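Generate the whole structure from the sequences, applying the supplied hints.
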Amino acid sequence: MMNDAFDLRLAESHIEVHKFRSGAIVAATFLALLLQVFVPAYVPKFAVLDLPLLVTIYFGLSRRNPSTGLLLGMVIGLLQDSLSGPTVPLGLYGIAKTIIGYLASSIGARLDTEHPAARFALTMIFFVVHQGFITLTRRMLLAEPAPWFTLRLLIAAAVNAVVAVMLFALLDRMRKS
Amino acid sequence: MAGIPSRHRSLVLLTGVILLQVVLLAVQIKRDSQGRLLRVWTVGAVSPFQRAGARGIGDIRGTWNHYFALQNTSRDNEELRRENDGLKLQVNQLQSKAAEADRLAALLNFRQSQRNVPMLAARVIGTSADTASQTVYLDRGERDGIRRNMGVITPDGVVGKVVESYRDTAQVLLLTDRDSGVGAMLSDSRIQSPVGGTGEPLLSMKYIPTDETVNMGEHVVTSGMDRIFPRDLPVGVVAEIKTGRPFQQVRVRPAANLQRLEEVIVLLTLHPLEQKKEPAGAAPPAESSGKGLGGTAAAVNP
Chain A
1 MMNDAFDLRL
11 AESHIEVHKF
21 RSGAIVAATF
31 LALLLQVFVP
41 AYVPKFAVLD
51 LPLLVTIYFG
61 LSRRNPSTGL
71 LLGMVIGLLQ
81 DSLSGPTVPL
91 GLYGIAKTII
101 GYLASSIGAR
111 LDTEHPAARF
121 ALTMIFFVVH
131 QGFITLTRRM
141 LLAEPAPWFT
151 LRLLIAAAVN
161 AVVAVMLFAL
171 LDRMRKS
Chain B
1 MAGIPSRHRS
11 LVLLTGVILL
21 QVVLLAVQIK
31 RDSQGRLLRV
41 WTVGAVSPFQ
51 RAGARGIGDI
61 RGTWNHYFAL
71 QNTSRDNEEL
81 RRENDGLKLQ
91 VNQLQSKAAE
101 ADRLAALLNF
111 RQSQRNVPML
121 AARVIGTSAD
131 TASQTVYLDR
141 GERDGIRRNM
151 GVITPDGVVG
161 KVVESYRDTA
171 QVLLLTDRDS
181 GVGAMLSDSR
191 IQSPVGGTGE
201 PLLSMKYIPT
211 DETVNMGEHV
221 VTSGMDRIFP
231 RDLPVGVVAE
241 IKTGRPFQQV
251 RVRPAANLQR
261 LEEVIVLLTL
271 HPLEQKKEPA
281 GAAPPAESSG
291 KGLGGTAAAV
301 NP
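First to last, the protein sequences are chains A and B. The first sequence lines up with residues 1 to 177 when you count with our numbering. The second sequence lines up with residues 1 to 302 when you count with our numbering.
To be clear, the hints were calculated from the coordinates, so they are not data collected in a lab. Fair warning: there could be bad hints in the mix.
What the hints assert, rightly or not - Partial list, derived from the structure: chain A residues whose beta carbon lies under 7 Å from chain B:
#1 Ser22
#2 Gly23
#3 Thr87
#4 Leu141
#5 Ala161
#6 Val165
#7 Ala169
Computed from a predicted structure; not experimentally measured. We put the CB at the ideal spot given by N, CA and C, even for glycine.
Below, the structure is given as C-alpha cells:
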C-alpha cells in the first residue's frame, strides 16, 4: 500500500527509482567500512572521509524509499559504531546515519539528484547535518564536550562532497539498466 | 502499522528506530556494557581483510623497495654516507648530554629489569571507524595472550593500552584519545601528574601547579602510578606551556609517532610492573649501543 502511494507520487514527478545488482548494497557497505578502518592506518589524512556516510547518502538518494533508507542508515551506523571501539557506544553513528538515510531518501523522492552539482551540494549539507547529530548526541546523551562548528568540519564536508561526486558516478555503474 | 496513514509510516518507523537506539545508548551508559556480541561479529568479519591487506601492502612495499626502486641506489648511497657523517656528529653531541644519558639509562634499566616480562610484537592493521576516537587494531589477540588493560609501547615510547581483545585482534586506545590517560612525571623536577589525550596530536598534562617550573622541551616519562606502565618510559616532551590557576596548561608532544604506527610491543602482563633499582655505577652491558627500547624490541617474541 505504502509502495503504491510512493510509486504514484514518483510517477507524477517523473523521478526514477533505481534498482541495483544483487549484493551491490552489501558489497558497497562492507567495502566502505573496511576502507574506513584500514586505509587511515597507512594514510592518516584519509580519516577525513566518512565512506559509510557517503554510501548511506548514495543509496538513500537512489532508492528513494524513506523506510529502506533509514534502515540501511541504521545498519551502517551500528556497524561503524561496532568498529569504533569501546569508547564509542553503539548508537552514536547509528542515530545520525538513520536520520541521514531518511532525509536522503525523502529528498531523493522529491528532487532530481543525478547532477554532480546537486550531489556535491547535498553531500556537503548531509555531512554537516550528520556531524551536527553526532555532536548533539555526544553533548545531550553522553555529556561529552564536542564543538558544534569548526573550520575543519567545513573543509571535511567539502572534501567528502568532492569524493562523493566521483564515488557516486562509480556506484552508478552498479545500477540495473 | 496498519492503522497509520501510509505517508506517515516511514516517519513513525524513523521515530521508533531512533528511540530504540537512544534506549540502547542509555543501557550502555547505565550498565557500562559494550554490546560485545555485535562488536565481536563485526570485528571478526572485517579483521581478516584488514590482516590480508596489511600483509599485501607489506609485500608490495618489499617488492618495490628490493626490485624496482634500485635505480636510485647509487644516489641514495651518497646521501646515506653524508647522512651517516652527520649522524656520527649528532651521536657525539648526544652522548655528551647528561639528561639524554639519564633517559637512555632508564630505558636500559627497563630492559634489564623487565627481562621476565613477556612482550609481543604486533602489527597495526587498522584504525577506528570513528574519526574522533583514537584507536588502532593489532593483528594479535586473545589467542596470543593479549588481554584488556595491557600496556602497549614502541621503542620510542608509550603508545596506549589494550581496551578490547578479540580472538585474533586487539584494539588499543592511543594516548591521544580523549578517554586515555597515563601516570606521568616531568623527568627533571619529578613532579607527577597524569597525562591525558585531548583528541588532538598533543597530550595534556593536567595538574602541574602554577608555582612549579616547567621547561619547554623537558622530557615527560611514566611515573608507574597507573600500575600498567613501569617508571621512566618516555611519554613525550613539553611542547606548550600556558599559565593558569591553580594549574598550568602543559601540552606534551608524544614520544611515539602515534599518527604513523606500524609495529608495536604489547607488555603481556597484568601484574603491576615495578622498576628494579640499578646498582649505582653499574656499567652498561656491551649491547647497550642499541639505544632505548630498541634492545627490548629485539628481545620480544617473533
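message: Which constraints among the numbered hints does this structure fail? Numbers only, ascending.
response: 1, 2, 5, 6, 7
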